[in-house]
Each structure stands twice: as C-alpha cells, then as structure tokens.
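Participant: Here is how the chains run, residue by residue.
Protein chains: 4
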Amino acid sequence: MTGDARIRRGRTRVESPSLARTGRLLVACPDKPGIVAAVTGFLYHRGANVTTLQEYSTDPEGGRFFMRVEFTVSTPTELDAGFEAAFEATVAGRYEMAWRLSRAAHRKRTVVLVSKHDHALLELLWRHARGELHADITAVISNHEDAAAHAAEFGVPFHHVPVDKGDKGPAEARILELLGDDTELVVLARYMQILSADFVRHFPSRIINIHHSFLPAFVGANPYHQAHVRGVKLIGATAHYVTADLDQGPIIEQDVTRVSHRHSPEELVRLGRSIEREVLARAVQWHLEDRVLVHDGKTVAFT
Amino acid sequence: MTGDARIRRGRTRVESPSLARTGRLLVACPDKPGIVAAVTGFLYHRGANVTTLQEYSTDPEGGRFFMRVEFTVSTPTELDAGFEAAFEATVAGRYEMAWRLSRAAHRKRTVVLVSKHDHALLELLWRHARGELHADITAVISNHEDAAAHAAEFGVPFHHVPVDKGDKGPAEARILELLGDDTELVVLARYMQILSADFVRHFPSRIINIHHSFLPAFVGANPYHQAHVRGVKLIGATAHYVTADLDQGPIIEQDVTRVSHRHSPEELVRLGRSIEREVLARAVQWHLEDRVLVHDGKTVAFT
Amino acid sequence: MTGDARIRRGRTRVESPSLARTGRLLVACPDKPGIVAAVTGFLYHRGANVTTLQEYSTDPEGGRFFMRVEFTVSTPTELDAGFEAAFEATVAGRYEMAWRLSRAAHRKRTVVLVSKHDHALLELLWRHARGELHADITAVISNHEDAAAHAAEFGVPFHHVPVDKGDKGPAEARILELLGDDTELVVLARYMQILSADFVRHFPSRIINIHHSFLPAFVGANPYHQAHVRGVKLIGATAHYVTADLDQGPIIEQDVTRVSHRHSPEELVRLGRSIEREVLARAVQWHLEDRVLVHDGKTVAFT
Amino acid sequence: MTGDARIRRGRTRVESPSLARTGRLLVACPDKPGIVAAVTGFLYHRGANVTTLQEYSTDPEGGRFFMRVEFTVSTPTELDAGFEAAFEATVAGRYEMAWRLSRAAHRKRTVVLVSKHDHALLELLWRHARGELHADITAVISNHEDAAAHAAEFGVPFHHVPVDKGDKGPAEARILELLGDDTELVVLARYMQILSADFVRHFPSRIINIHHSFLPAFVGANPYHQAHVRGVKLIGATAHYVTADLDQGPIIEQDVTRVSHRHSPEELVRLGRSIEREVLARAVQWHLEDRVLVHDGKTVAFT
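The listed protein sequences correspond, in order, to chains A, B, C and D.
FYI, in our numbering the residues of the first sequence are 1 to 303.
FYI, in our numbering the residues of the second sequence are 1 to 303.
FYI, in our numbering the residues of the third sequence are 1 to 303.
FYI, in our numbering the residues of the fourth sequence are 1 to 303.
There may be inaccurate statements among the hints.
Across the chosen pairs, the derived CB separations fall in these ranges [said to hold, decoys possible]: (1) 167(A) <-> 157(D): 55 to 61 Å; (2) 64(B) <-> 257(C): 27 to 33 Å; (3) 162(B) <-> 182(C): 42 to 48 Å; (4) 103(B) <-> 246(C): 43 to 49 Å; (5) 30(C) <-> 160(A): 47 to 53 Å; (6) 173(A) <-> 64(B): 51 to 57 Å; (7) 45(A) <-> 157(B): 54 to 60 Å; (8) 109(B) <-> 221(D): 41 to 47 Å.
Hints in this document: simulated from the structure, not taken from any laboratory.
Note that the structure is a prediction, hence the values are computed from the model and not measured.
Cβ atoms here follow ideal geometry from the backbone N, Cα and C, with glycine treated the same way.
Using the sequences provided together with the hints, build the complete structure.
Facilitator: Right, here's the structure in full:
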C-alpha cells in the first residue's frame, strides 16, 4: 500500500464540527432524589444543551445510580478544566459522585495486542481506517511476527514482544513500557497469553478481551472444540473487561450464531471468527464512546 | 374451566405495592436547552424520585424533543389532579409541551378484535391471565363466532358482530357502540376487516394491528404466499398503529425468522404465527407501559 | 369451554390424505460406500417415491452414517410389516444398520409432566389443538394441582401425583404405571422433580426436557438468577433428551434473546418463558416428525 | 505490504489432500421415482462414496427435482471427462436431467466489481486471503480508482473502467473484454452502475449482487434513507443473482439487524455495512461450493 492511499484513508475521517463542543458526563453515586435535576440544572445554567441522557439505578431506594449525559456547549473552551472544577464544587461533592468528564473530540490512545489469529485485529484496523472507531491506535503488539505486515498496511507501529513461557515477567515489563503512561485502552484481539494480576491492575476496566465463546458456557481453552463435543446448536463470543480472575471479568457484549451437527470444530472456528470480529468491534466502539460503566462485576452498558 | 380456576389465575396478578405511587410523564415539545432540568427539577421539588428517564431529540438544534420519565412519589394522593395542574402551570406551558401523566396502577381498558385466526388473541389472553399484560381486557369482538369459547375460558365477554360486505357501516357502528367512551386501546389480533378512516379517527395511536408480514416488504393480502413466490430467506411480522392509510401506520415492533426453499406457503404461515404472537404481545405491552410515542409517521419507542 | 368448542377444535386437524401413504426410514450404521444407493434402490423397487432424504456421516472413512428418508407409497398397505421384513432381509442386515420405519400417519402417544409453571404445557396443548403437533396427548401429570384446569380445557386427562421429598419412589412408580407400556414420548414441560436413573432407563431418547437456560452456561437451579449475577447480555433455553446424567443429555434445540443490565431476575424469567415455549415446541415437533437421532451424547437433527 | 507477507498468506491456504478426489453432481429434472437410486447407484458402481446428499422437490407428483451430491473417488483421474460421458449415457439422459459435475479442487475464476464503498470488497479479499473462499480472484474492476490500493495489498490486479453516464456501452464492452471467456463468477460488491440486460445475459446465475436492503422492502436507491423515513425496527441486506429485471433476481441470502428511532440514516448505513459484508460473503461462499441452484425466479440453496 502506498503512503498516498494511507493518507487518503485518513482524510475520509471528516470530523463533525460539533464534536469539539460535545462533552459526556459519566456519573455513579448512591441513588437518592434530585440527582438528575442537579446534573441537568448544572448543565442548563452553564448554557449546555443535553442531547442524550441515560440513567440506571440498581434500586431506587438505597441502590446505586449511574448516568451518562451527552451535551453540547457553545464553544470548545467551555469544556476546559474550569468545567470540572465547577461540577465537583456544585454537584459531585453533594451527591458523593464517582464521575468523569469525557470530551467527545478526544481520541482515546489505544493499543492492540494479538497473537497468531489476525481476524479480530484486522477488523479493528479496518473499522478504524474507515472512521468507525474514534480512537488513536498507537501500536500493535504481538508475541509473534505475523501481524507486522497488517500493522504496516494500516500505518500503525508494530512491536514484537516474544514471551518466555518459563518467565513471563520480562515480556509484561516490556509491554508496560511500550504502553507508557498515556495508553487509555488495551484491546486483546485474540492475545493468547494470560496477563498477570499485577499487569491487569494497571488498567482497571481498560483492557477489553474477546473470549471466543459464549461465556460462561465454555470457559478456558478450545471452546469451539468443547462446543462440538457437547453438540450445542448455537455458538457465540463474549467481549469483556479483563480482571485478575481469568474469563470472569464484566461482560460488555455477546452474540451467537446457529450451528448444527454438520459443523466440524474447524467450521465452528470459521463461523466463530465472524461473531468474534463483530462482538469485539461493538464492545470497543461502546468503550470509546464512554457507554460502559462497571459495577459489582457487571457492566451498565448505555448502548 | 371452572370459576375457581379463573379466580386463582386472577390472584396470581399480585401488584407491586409501589405501583400506586408510580407515575409516568410523557412529553413532546420543540427541543431547546433546559427541558430535562425543568422537568426533573419540578419532580424533585414535589419530592418525587426519578426511576427511569428516557429522551430523544430529532435534532438538538430546532428538532422535536421526546421524553418518558417514570418516577415514584411517597403517597398515591400526590398523583392527583393537582399534579397535572402544577406541571402545566410550572413547566409544560413554558416549553409548549404536548404531554400527559400516566398512573402506573391504572389498567388501560382494552378491547381485542379478531376474525378466524385465534393465535394472536390467545397469546394476549394468556399473557394477560399470567399477569404479563397490565390491562383490563373488557371484551373480545369478532365477525365470526369461533373465538367465543376462548373468550369464555378466560372470562372475557364476547361479542359477535358480523360484517355485511356490501355495507360495513352498521358493523362499525355496533363496534363503536361496544367500545363506548372509555376504551383506551383497541388491538386487532388478526382482524381481517378494513376499518374506515372515520372509525380510525376515533382512536388516534390507540389501535394496534399485527400485520403478518415484515412491512413494507409484502403489503396487502396473502403476504406469506407473496414471500414464497419471491423466495425470501426471512419472513417477519410487524405491529403498527392503525391510520387511515392502510398498512402505512407507525411501526411499533418487527421481527423475523429464517426460512428456506423447503417451506411451503402453509409452513410459512405456521412459522409466521409464532412471530406474529411475539411481536404483537411486545407491542401491546410497550403501549400499556406508555413506552411508545408517535411523531411524523414513526414511533419513538422507549423500550 | 363447552364440549362443542372442543370438538370443533379437533375437527380443524384435517389430515393430509397422503399421510397414510408416507413412511420414514431412520437409519444408523457404519459408513461405507453404497448405503444410499442400497436404501433408495430398495425403495424404488418397491415403487416408493423418495420425497426427502437427509444424511450425515461423522467421517466418510470409518465413521458412523445416519439417514432419514421420507417416501410415499401408492397404498397404505405397502407400509405393512412386510416392508420391515423385506428391508431387514435385503438391506439392513448387510450394512449392520440400527434402523426403524416410522409411519407418518401414526400419532405418537405423548404424556406431559409439569409442576407449577404452566407456560410450556400450555404452548404444547395449544399447538396440539391447532394441529401443529402430530401427537396423541394422552395425559398431563403433575405434582401440583394447578394444571388441572388447563388440561380440562383441552380435553386431556389430568393426574395429580404428589411427590414425597423423603421418598420419591412411590411417585415414580405411580407415574410409570400411568405411562403404561404404550407411551412413546414423555415431555417435561417444566417438571421440577429430578427423575431417577432407573426411571430414565425406561425411555431412552424418549424424554424431552426444557432446561430454562442456555446449556451448558447455567446448569442447575435458578439459572436466570445466575445469569443476572453474571451480567450476561443474552439469555436462552435448551431442549434436550433426558439421560441419567442431569442436564447433560443430548441437546435438541437452543435459542436466545437479548437482555441488558436493566432486566431484573424477574424480567429475565418473563423473557425466558417466551424462549422456553418456542424451543420446547420446536424440539417436540422435530421428535414427532422423527427428525432427531442420538449418537455419542449429541443429536443429529435433520431439521 | 511486502511480497513476503503476501506469500505467507498464500501458504496458509493448505488444501485438503482429498479435495482433488471430491466431486459434486448438481442435478435438476422432472420429479419421478428412482432418481436418487439411479444417481447413487451410478456412483456406487464407479466406486465413489457419497459424503453429502441434499435434494428437494417442488412437488413429488409432477414437480421439479433438485439434487446436490458430494462424493469422493479413490484417485483424481476418476473425475476425468469419462465420468461425465458415463453419467450422461447411463443416468442423465433417461431422466431428462439438466446437470453438471463440479470438481471441488477447482477454484472458480472470480472478478469483483466495486464502486466507492469498499467494505464488501475488502471482506471478500480478506476471507479469500484467509483461505475461507475457495476461488481465484483474478481481478478487481471499478469505475473509480479508490479500490486500487486495496487490490494491490492483496496482490489482485486492478482495472479502472470509468463509466460515461451518457453512453455506458463502452464501459460494459471493456469490462466484458477484461472478463474474457473464462470468468466463472462476477461479484458486484457495491458496484453502483446498472448492468444492461445484454451484459447480464452473458452470465446467467453467475453475477451475485449485494443489495443494501432487505428485499423486497426497499427496492432501488437509498434504501437506508427510505428505511429511516418509514421508521422500521430492523434493517437488512440481500444477496441475489442479477437478472435483467433490476433488484428482482433470485435471492441467495438475507439477514437483518435491529435498529431504533435513535439511529440516523448515517448510522443505519454503518450498521448495514456489517450485514452487507456478512450476507455477501455467505452467498459467494455458497456459490463457490456449488450449493445454489436457480428455479423459477428463486434459489434452491443447499446450505
């Protein structure tokens, strides 16, 4: 692929002029009366216009309340740090909120980890090139060299970090170094190495994995083979946040496809690839759009 | 079926004690900043607690804004007429709102019209008996006598209103008389008579029809036969509000199922029945829960 | 419901005149060349016309071969016992076939067991009344009395067989007595008692259970509650043959529906009911049409 | 992308050694008794082993019969021209069969036509590179230059054939020249030029189009915009063979995805892309595997 073609692709990502004036407030707090009024009142008095508001309460009486508000302001500068200071002082403190402001124009710095199976990686690179994923994919990291050519096609730096089975420490250390301080999302696009609890701790609810199975049906290795042995009539895939507890992290999205006794394990793998690509891409997109909150081992997904 | 059994069924509808304290505000108005803050501020100052809020704007700049807010108050009396007067005076007038308050405890008076195919009727009667549909089914009306026994099983009055092909006026007049002034929802559960524009005008966005096709694919008669001739690989059903323009009313819900060349028109009909039942039941439930607003020939469905 | 209505329903089951001339051969044998030719050659020489042929081999070289052939003969008498004797002598012996002839006109004698949840039972009774299930439902048996009225509505004998938790033997013995020698299919339509291995042994691949979960995801009790705790995005149901190994029997059919964090365990139960009804009804229909063979803990479902 | 990477990809297409010994018989003829026996008897006597047999009859009495038989022989030479001569002489003539033998090892020479939207093209190139599509993609042809880089990445020759709106003749003539005598499949992967009846006549049931709509719901241009105006709750895509009658050709595959009032026409387009990719890829794969027969404006798809 020529450099020209790559640039042309980049140019197709025409950004909405209003993106720079769009903010998103993500809020979690104990539920009690008045939260929505307080937040939307605050926005109104700053001249902001609510464009989408989604909320959820685990229990209106004594439960936990979650909210995602997307809004526009009249000029980008109104989303400066002053906004956050005012919100903390006026609203957040009063309601004991865990909260953050996300600026829609910001592209989250994202790194994709992959092993040999490249379909999930390619789906992400493609959607990104097409302007569907509002992220900055800063690197592809792999314990194999196979993905190098794909990364190059899409103009993304590639890093080969081999893993020593006997001592995974150095590889994780090297990956952490590559991720640096400013990586905001790590996507495991069929990365087949288990990450240590210590590694995971650096990125709470910021590592998305695609599990090639409909969790919790076939936890662990070779799920398509397990599915074939059991003779199931549907196979699926699950995108989830990674926690120290393997395959148990909060589920972001799942989907399935119909199969029959006619499908060999190899064909299940092929059919599974389509679902894995779709499910991972949806989960990553929702994360990039600040649609997914985590609570009590589950996600609240404002999709 | 014995009377005892019928009563036992009735008893299974245990109502949530909080239902009497739950209200729903349905709002449509020109979009401009401050609407959410105004509505939720109003609720907060009356001591109400927002439990669900959903909104949608066709365009944040100059479009039309829609909102559904579900909230609880501390005693049922706070939902009395005073609430409506206060909301009109304080909020609704200022924002040129078309709005209404719905009390969750109220069961909408519902009449089901049916012809010979009874599957959609029975689905509704069953779900109702099981407590899934929060309505008062006050009558079943049919141009045939076939459905009488089913209505009797479920303890619902049945009225046979034959239709004279040459002059449908008297039948419609009789049905209007049976519906009276207080029927809030009319469900056409495979009622095969076309209703006049005049009849429809009495119940704007209050007549739900199940069209045995994935509209707008096979408008009109014998859609399964049409689908078979065309060799489609999916068949579906559509629940929509009835307007004077036949089969063109706002779509509430649709679903499909997979078929193949092996299916005869008769088998398509059989498979279609399952979808029709499910799609109609969903649409009726959403209507009963005040989840569906109509705008510009389409629905805004807060599901 | 009046007796007349019941009879009228019965009358709607107009049977195809060709059903009496339709046979189905179900075959399983070691795979080797010539099987299809031998079976279809046999049918041709007896003047039969193959209308549907489905086959499957676990491995063309040394695997096991399965076939379902539906065919018509010119008069019903050609499906007499002579047919079976001739097939055994001419074809089946040579290929070491496990096989049977099923006559399409025959309605399998079917008994439905149910506990308190009646939705799956009612779905079966309805589809049966509507002529969709080609069976003879000879009895409904329950450990509770709740289903008696429903059975009566549909004119099916009802038997109440309470289960003593301390000693389930007498209840199983009573059920076996009611099933007698001629029951061909037992459907567990949400029957919440575990059947003993001894009981199951009487009906190999003849007891169909609906498991209110997408197996093997949530084996055991309260799967909807488990699903809610885990925060899955799809819930499902599984119809399977019952074996001595609880919840591990060969899967006949599965389906799922989409859910979100908004759904309470109670709502998952309600949504699950629709899937359970549909999945069980499909599995029972396929069994009645002799579409399901069992091999190695899995089904070969010629659907 | 480097040449090395391209070669590595090519190498991943490891072909099953048995592919060279696998044949497929595709048959259509008037239905009468004995066809299956005749065909499978013929295969048996030549030492072939049937691995899959699928058949369908529009009507066992006087209808048209279709069959797909996949079988293996002991050496590739047994699939030489002698096979076809023998089948014609022994079986096909007797039953007035329209038939052909397809050798599984043969990769159909395939050309992809595309305009500006590249997602469907890329899906095909990817699946092909991954070994999922058993074809020889000999060229990409476009009326725009945008796809050139993609074609180059995957090592496929690219031809730019601009279309003069006033006179499309020269462009079609040029495309026909490029297709030559040996192109076996033409895929319109969002090629937005209408092909003349004359052009289509050269490739009966050999041009596959992806229509970005659930046909026949939104025939013609801008279907997603039409779907948005109508407020449908599902959008879909349709892969069909191209006939002289625009958008009316036999449907090979369809699928849908759920949408709501929240989706703008642009978002429908984005969601639609995923379905289009998937549906077109399935249709092309089935065609390449000789699974699709055409009859009476419909497909018989042995999937």
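Participant: Hint by hint, note whether the structure agrees.
Facilitator: Against the structure, the hints come out as follows:
For residue 167(A) and residue 157(D), the hinted distance range of 55 to 61 Å is not satisfied, since their beta carbons lie about 48 Å from each other. For the pair residue 64(B) and residue 257(C), the supplied restraint of 27 to 33 Å holds, since their beta-carbon distance comes to about 32 Å. A beta carbon spacing of about 46 Å between residue 162(B) and residue 182(C) agrees with the range 42 to 48 Å that was offered as a hint. The supplied range of 43 to 49 Å is met by residue 103(B) and residue 246(C), whose beta-carbon atoms lie about 47 Å from each other.
Roughly 50 Å separates the CB atoms of residue 30(C) and residue 160(A), a value that falls within the hinted 47 to 53 Å. As the Cβ distance of residue 173(A) to residue 64(B) is approximately 56 Å, the hint placing it in 51 to 57 Å holds. For the hinted restraint 54 to 60 Å between residue 45(A) and residue 157(B), the CB-CB distance of approximately 56 Å keeps it satisfied. In this structure the hint that residue 109(B) and residue 221(D) lie 41 to 47 Å apart at CB holds, the actual value being about 45 Å.
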